[in-house]
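Enquirer: Work the whole structure out from these sequences, hints included.
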Amino acid sequence: MNRNCRRKTEKVYVKVNSDFDATGYMQPRQITWGDGRTYPIEQVRDFRPANTIADMPGDCYTVMVKGQERHLFFEHSDPRFPSRFGRWFVEVETK
Numbered sequence: 001m002n003r004n005c006r007r008k009t010e011k012v013y014v015k016v017n018s019d020f021d022a023t024g025y026m027q028p029r030q031i032t033w034g035d036g037r038t039y040p041i042e043q044v045r046d047f048r049p050a051n052t053i054a055d056m057p058g059d060c061y062t063v064m065v066k067g068q069e070r071h072l073f074f075e076h077s078d079p080r081f082p083s084r085f086g087r088w089f090v091e092v093e094t095k
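Residue numbers for the sequence shown follow my numbering, so the first one is 1 and each next one is one higher.
FYI, nobody ran anything at the bench for these hints, they're computed from the structure. Among the hints, erroneous ones may be present.
To be verified - What follows is a list of derived Cβ distance ranges for each label pair:
| no. | residue 1 | residue 2 | range |
| --- | --- | --- | --- |
| 1 | Glu-75 | Gln-30 | 16 to 22 Å |
| 2 | Glu-93 | Thr-23 | 23 to 29 Å |
| 3 | Thr-62 | Thr-94 | 29 to 35 Å |
| 4 | Pro-82 | Lys-8 | 31 to 37 Å |
| 5 | Lys-8 | Arg-87 | 20 to 26 Å |
| 6 | Pro-79 | Gly-36 | 31 to 37 Å |
| 7 | Pro-57 | Gly-36 | 27 to 33 Å |
| 8 | Lys-8 | Asp-35 | 35 to 41 Å |
What the hints assert, rightly or not - Computed cross-link-like contacts, EDC-like style, restricted to lysine to aspartate or glutamate with a CA-CA straight-line distance of at most 16 Å:
| no. | residue 1 | residue 2 |
| --- | --- | --- |
| 9 | Lys-8 | Glu-75 |
| 10 | Lys-8 | Glu-91 |
| 11 | Lys-95 | Glu-42 |
| 12 | Lys-11 | Glu-42 |
| 13 | Lys-95 | Glu-10 |
| 14 | Lys-66 | Glu-42 |
| 15 | Lys-15 | Asp-35 |
| 16 | Lys-11 | Glu-93 |
| 17 | Lys-11 | Glu-75 |
| 18 | Lys-11 | Glu-91 |
| 19 | Lys-15 | Glu-91 |
In this text the structure is predicted, and so the values were computed from the model without any measurement. C-beta atoms are modelled at their ideal positions from N, C-alpha and C, and glycine is treated no differently.
Expert: Set out below in structure tokens:
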């Protein structure tokens, strides 16, 4: 693939409210952007290691937000910081 044809994206870290079920599965429920806009996650369609979607470490959740399918990534924390579990981000296109 020609590098000039690739979409340019950047990680945007977001706040995500999530629930954990009895088995420990993390279910994201709501995304809040840095400017305070909040969107409920209507459905989680898929969950898989992120390297199968975007060649990234961590996990990728395919979610429905406002009727549109989006990828929501969970980046696991560095093991040197045991009090940090991880953080969420979405990829947005840059110009």
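Enquirer: Next step is simple, just say for each hint if it's right about the structure.
Expert: So, going through the hints one by one against the coordinates:
For Glu-75 paired with Gln-30, a C-beta distance near 18 Å keeps the hint of 16 to 22 Å intact. Roughly 35 Å separates the CB atoms of Glu-93 and Thr-23, a value that falls outside the hinted 23 to 29 Å. Remark: the range hint 29 to 35 Å for Thr-62 to Thr-94 is contradicted by a beta-carbon distance near 22 Å. A C-beta distance of roughly 34 Å is found between Pro-82 and Lys-8, which places it inside the suggested range of 31 to 37 Å.
Taking the beta carbon of each, Lys-8 and Arg-87 are about 22 Å apart, inside 20 to 26 Å as hinted. Taking 31 to 37 Å as the suggested C-beta distance range, the pair Pro-79 and Gly-36 conforms, at roughly 32 Å. Between Pro-57 and Gly-36, the C-beta spacing of about 29 Å keeps the proposed range 27 to 33 Å intact. The beta-carbon spacing between Lys-8 and Asp-35, approximately 22 Å, falls outside the hinted interval of 35 to 41 Å.
A C-alpha spacing of about 20 Å is found between Lys-8 and Glu-75, which places the hinted pair above 16 Å, so the restraint is violated. Between Lys-8 and Glu-91 the CA atoms are separated by roughly 9 Å; this keeps the pair inside 16 Å, and the hint holds. In summary, the hint linking Lys-95 to Glu-42 is not supported, as the alpha carbons are separated by about 29 Å, beyond the 16 Å threshold. Proposed proximity of Lys-11 and Glu-42 is contradicted: the alpha carbons are some 22 Å apart, above 16 Å.
A distance of roughly 10 Å separates the Cα atoms of Lys-95 and Glu-10; the hinted pair therefore holds under the 16 Å criterion. Taking the CA atoms of Lys-66 and Glu-42, the gap is near 8 Å; set against the 16 Å cutoff, the hint holds. At roughly 11 Å between alpha-carbon atoms, Lys-15 and Asp-35 fall within 16 Å of each other, so this suggested pair holds. At most 16 Å may separate the alpha-carbon atoms for a hinted pair to count; Lys-11 and Glu-93 meet this at roughly 9 Å.
Distance hint between Lys-11 and Glu-75 is fulfilled; the C-alpha atoms sit about 11 Å from each other, no more than 16 Å. Taking the CA atoms of Lys-11 and Glu-91, the gap is near 5 Å; set against the 16 Å cutoff, the hint holds. For the hint pairing Lys-15 with Glu-91, the CA-to-CA distance comes to about 14 Å; that is within 16 Å, so the pair holds.
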